[in-house]
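Chains A and R supply the protein sequences, listed in that same order. By this note's numbering, the letter at position 72 of the first sequence is numbered 170, and the numbering carries on one by one without gaps. By this note's numbering, the letter at position 10 of the second sequence is numbered -9, and the numbering carries on one by one without gaps.
In short, the hints are calculated from the structure, not lab data. Since the model is a prediction, treat every value here as computed from it, not as a measurement. Glycine residues also receive a C-beta, built at the ideal position from the N, C-alpha and C atoms. Heads up, some of the hints might be wrong.
[Stated by the list, open to error] Derived DEER-like restraints, expressed as beta-carbon distance ranges:
#, chain 1, residue 1, chain 2, residue 2, range
1, R, Val0, A, Val156, 41 to 49 Å
2, R, Ser(-2), A, Val156, 43 to 51 Å
3, R, Ile8, A, Phe250, 20 to 28 Å
4, A, Ala288, R, Val20, 27 to 35 Å
5, A, Val156, R, His26, 46 to 54 Å
6, A, Ile232, R, Leu4, 19 to 27 Å
7, A, Pro275, R, Leu4, 34 to 42 Å
8, R, Ile8, A, Gly258, 27 to 35 Å
9, A, Ala266, R, Ile8, 22 to 30 Å
10, A, Leu278, R, Ser(-3), 21 to 29 Å
11, R, His41, A, Gln252, 40 to 48 Å
12, A, Phe154, R, Leu1, 22 to 30 Å
13, A, Trp254, R, Ile8, 40 to 48 Å
[Said to hold, decoys possible] Stretches of chain R that chain A covers, calculated by requiring three or more beta carbons in the stretch to come under 8 Å of a beta carbon on chain A:
#, stretch
14, 2 to 9
15, 21 to 29
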Amino acid sequence: MFQKIAVSALIAGFGAGLMAALLQFAFVQPLLLHAELFEIDPHTALDFVTVQRGPFDVTREALNIVFSALIYTGYAFVLLAAMVWAEERGEPISPRAGIVWGAAGFITMHMAPAFGLAPDMPGLNGADVEARQIWWYGTAACTGIALWLIAFGQNWAMWGAAIVLLAAPHLIGAPMPDMLTQVAPPELAASFAARTLGVALAVWVTLGLLLGSVWHSKLAEG
Amino acid sequence: MTKTIATTAPTQTKTSSTVLSVLAAGILGLGIITVAGHVQAATLHDAAHDVRHTTGFPCH
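Assemble the whole structure, with the sequences as input and the hints as a guide.
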């Protein structure tokens, strides 16, 4: 069983990771590189169109592909573990179900954490990184459990617990900096947050679809 | 009684194998996410920098 999970997760995770790297390169990286110019010199008044992309850095882009593939492979293992566990309880894995699982993964790992900690580009000010990481993990865990309870809960006690878990991290609140001293333009930061979420949704839905497709195919048998 | 044991034993074995596989996959996945996305060691942070920002992880 573990071998089948591992093979499926590696195939789907790597595929989704490549897609993430491609979308990042096309839509996110220009904003990120532009933001870094403001990080270096806050007073840089630069034309938005002409400076979006600096010289092509092969090593940097290669590392982006490697780490995209790694992170989405990690997500694939976690998502498939949940899908297999649900299949044991009578929810068959299919490509169509995979799309829903992917959307749930996006809400858990991206949307809910972003509700408190908007995806920040370089040059933005943030609270202590460890505090933000603890909040990130706590929010992802609460949201994941809540979505499971909404999907598979059988009474209002479970659904009520789900609502509490969904709301709790945001009522507690994400760690925020004491002072807002950002140097990057808000137009850039807003675009960055919106685009990273859009990319993540596209990739997560694809990840779920791939997992649902690979699981019952001959590929998964290794 | 013998019949009951004969029918439940394979199911239990299958279920415990599934539980272990699911747990192992979940832990492995979270481990990969933590190392690639969250560990603050300088080299790792620099290498994963752009992807961490794009994935919405607290980066620095």
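Results of checking the hints against the structure:
1. At about 45 Å, the beta-carbon gap between R/Val0 and A/Val156 stays in the expected band of 41 to 49 Å.
2. Taking the beta carbon of each, R/Ser(-2) and A/Val156 are about 45 Å apart, inside 43 to 51 Å as hinted.
3. Between R/Ile8 and A/Phe250 the beta carbons are some 21 Å apart, a value that agrees with the proposed interval 20 to 28 Å.
4. Judged by the Cβ atoms, the range 27 to 35 Å given for A/Ala288 and R/Val20 holds: they are separated by roughly 29 Å.
5. At roughly 20 Å, the beta carbons of A/Val156 and R/His26 sit outside the given window of 46 to 54 Å.
6. For the pair A/Ile232 and R/Leu4, the beta carbons lie near 23 Å from each other, so the given range of 19 to 27 Å is met.
7. A hinted range of 34 to 42 Å for the beta carbons of A/Pro275 and R/Leu4 is consistent with their spacing of about 38 Å.
8. Range check, R/Ile8 to A/Gly258: Cβ separation about 29 Å, and the 27 to 35 Å hint holds.
9. For A/Ala266 and R/Ile8, the hinted distance range of 22 to 30 Å is satisfied, since their beta carbons lie about 24 Å from each other.
10. Restraint check, A/Leu278 to R/Ser(-3): a C-beta distance of roughly 52 Å breaks the suggested window 21 to 29 Å.
11. Taken as a hint, the range 40 to 48 Å holds for the pair R/His41 and A/Gln252, whose Cβ atoms sit roughly 44 Å apart.
12. At about 46 Å, the CB distance of A/Phe154 to R/Leu1 disagrees with the hint of 22 to 30 Å.
13. Taking 40 to 48 Å as the suggested C-beta distance range, the pair A/Trp254 and R/Ile8 does not conform, at roughly 32 Å.
14. Coverage of the stretch 2 to 9 of chain R by chain A holds [criterion: at least 3 residues with CB-CB distance below 8 Å; count 7].
15. Under a criterion of three residues with beta carbons nearer than 8 Å to beta carbons of chain A, the stated coverage of the stretch 21 to 29 of chain R is upheld, 3 such residues being counted.
Hints 5, 10, 12, 13 from the list above are not met by this structure, while the remaining hints are.
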